[in-house]
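*Asks:* Now for the letters of each chain:
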Amino acid sequence: DGGITQSPKYLFRKEGQNVTLSCEQNLNHDAMYWYRQDPGQGLRLIYYSQIVNDFQKGDIAEGYSVSREKKESFPLTVTSAQKNPTAFYLCASSMNVKTEAFFGQGTRLTVV
Amino acid sequence: QQQVKQSPQSLIVQKGGISIINCAYENTAFDYFPWYQQFPGKGPALLIAIRPDVSEKKEGRFTISFNKSAKQFSLHIMDSQPGDSATYFCAASRSNDYKLSFGAGTTVTVRA
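If you read the protein sequences in the order shown, they are chains A and B.
Following the working numbering, the residues of the first sequence are numbered contiguously, the last one being 123.
Following the working numbering, the residues of the second sequence are numbered contiguously, the last one being 134.
Worth flagging that the hints you see were computed from the coordinates, not collected in a lab.
There may be inaccurate statements among the hints.
Said to hold, decoys possible - Stretch by stretch, here's where chain B covers chain A in the computed footprint (C-beta under 8 Å, at least three residues):
no.: 1; stretch: 23–31
no.: 2; stretch: 74–82
Said to hold, decoys possible - A short list of chain A residues far from chain B (calculated; beta carbon distances all over 12 Å):
no.: 3; residue: Ile-15
no.: 4; residue: Asn-37
no.: 5; residue: Ser-105
no.: 6; residue: Val-123
All C-beta atoms, glycine included, are put in the ideal place defined by N, C-alpha and C.
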């Protein structure tokens, strides 16, 4: 069935390590996004991509990197430069700018 | 700074009552205003959305009211049910921009 799949659901990382979060969609959507969610702060945009091989920084891109080599996939790497990486990470996609965004179920990252 | 301000942070309502959540924005270029519903540990799901050409939109027990001159919009949940207990986010974006700006969220608890 169609949708957005994020994996893993829970992820633990040691300080100083990079970690990559997976996001795959089979909705044939052009646009994909990564948001970070912290308690009491809503969702904040990290990176977004409108088409394959193109992406732009969002509001809080520092310490993160992305790639968009395939339409279906938009992985997010949380680097050791991210000072406070513990959060709930949400991937989303939309057909185009005028249509709704669909969210995945999220990945909870904890730095130990 | 947050482009969309949401209040209250939380609210408790009795079953059958009305829940009201308010949002305000500054950017007059915003022309798409969705509301998302999120259950614990899950990704947000689109609930209802409105564009500035209408002042009200109703879908079942959920109604959005929009006041363009005041740059405010609100969500009303009529006949609130325990299953409505969730966190609700308002958001805003421009038609030519993929990025959604989210409010901080409102946690609604419906008591039976």
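*Asks:* A separate judgement is required for each hint: does it hold in the structure or not?
*Replies:* Quick rundown of the hints versus the structure:
1. Only residues whose C-beta sits within less than 8 Å of a C-beta in chain B count toward coverage, and the stretch 23–31 of chain A has 0 of them, not enough to reach three; the restraint is violated.
2. Judged by the Cβ-Cβ criterion of 8 Å, the stretch 74–82 of chain A is not covered by chain B as claimed, because only 0 of its residues qualify and three are needed.
3. Residue placement check: Ile-15(A) does not keep its beta carbon more than 12 Å from all beta carbons of chain B (closest about 8 Å).
4. In this structure Asn-37(A) is separated from chain B by more than 12 Å, as the shortest Cβ-Cβ distance comes to about 16 Å.
5. Against the 12 Å criterion, Ser-105(A) falls within the reach of chain B, whose nearest CB is about 7 Å from its own CB.
6. Every C-beta of chain B lies more than 12 Å from that of Val-123(A), the closest at about 20 Å, which supports listing it as non-interface.
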